[in-house]
Amino acid sequence: MNESEVPVLPLLLGSLILVYFGIEVNRQRNKLRKLFNVFDREESQIASLLETWVDSGELTAYKPAHHGG
Numbered sequence: 003m004n005e006s007e008v009p010v011l012p013l014l015l016g017s018l019i020l021v022y023f024g025i026e027v028n029r030q031r032n033k034l035r036k037l038f039n040v041f042d043r044e045e046s047q048i049a050s051l052l053e054t055w056v057d058s059g060e061l062t063a064y065k066p067a068h069h070g071g
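The sequence shown maps to residues 3 to 71 in the working numbering.
Treat the hints with care, since some could be wrong.
Estimated spans, in silico, between C-beta atoms of each pair [said to hold, decoys possible]:
id	residue 1	residue 2	range
1	Leu51	Ile25	33 to 43 Å
2	Leu34	Lys65	28 to 38 Å
3	Leu34	Asp57	26 to 36 Å
4	Asn32	Leu61	28 to 38 Å
5	Gly59	Arg35	31 to 41 Å
6	Gly16	Glu53	45 to 55 Å
7	Ala49	Asn28	24 to 34 Å
8	Gly24	Leu52	32 to 42 Å
9	Ala49	Val8	52 to 62 Å
10	His69	Asn28	45 to 55 Å
Calculated directly from the structure, the hints in this document are not laboratory data. Here the structure is a predicted model, which means the values were calculated and not measured. Just so it is clear, CB atoms sit at the ideal spot from N, CA and C, and this is done for glycine as well.
My request is simple: use the sequences and hints to build the entire structure.
Here's what the structure looks like:
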């Protein structure tokens with residue numbers, strides 16, 4: 003075996019491990035985004051507008067009536 007040859011199998015195996023690790027990290031990140039990001043951009047803008055209305059007094063919080071029965 004020539005000493006100047008690059009060991010292909012270990013490099014290929016190392017590359018596959020790194021690719022798998024990158025895919026797994028991306029998958030977990032997307033899973034956490036879906037779990038914790040409950041609002042998308044449009045819904046966040048609507049929520050901000052509603053909070054502004056509540057702060058200014060134009061909108062009040064809903065308080066359900068208690069039914070006696």
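Tested hints:
1. Under the hint 33 to 43 Å, the C-beta atoms of Leu51 and Ile25, about 39 Å apart, fit the expected range.
2. At about 35 Å, the beta-carbon gap between Leu34 and Lys65 stays in the expected band of 28 to 38 Å.
3. In this structure, Leu34 and Asp57 meet the distance hint of 26 to 36 Å, their C-beta atoms being roughly 31 Å apart.
4. The beta-carbon spacing between Asn32 and Leu61, approximately 35 Å, falls within the hinted interval of 28 to 38 Å.
5. As the Cβ distance of Gly59 to Arg35 is approximately 35 Å, the hint placing it in 31 to 41 Å holds.
6. Here the CB-CB span from Gly16 to Glu53 is close to 51 Å, well matched to the stated 45 to 55 Å.
7. Take Ala49 and Asn28: their Cβ atoms lie about 28 Å apart, and the range 24 to 34 Å holds.
8. At roughly 39 Å, the beta-carbon separation of Gly24 and Leu52 lies within the given 32 to 42 Å, and the hint holds.
9. Ala49 and Val8 have their C-beta atoms about 56 Å apart, which keeps the hinted 52 to 62 Å range intact.
10. The given range of 45 to 55 Å is respected by His69 and Asn28, whose C-beta atoms sit roughly 51 Å from each other.
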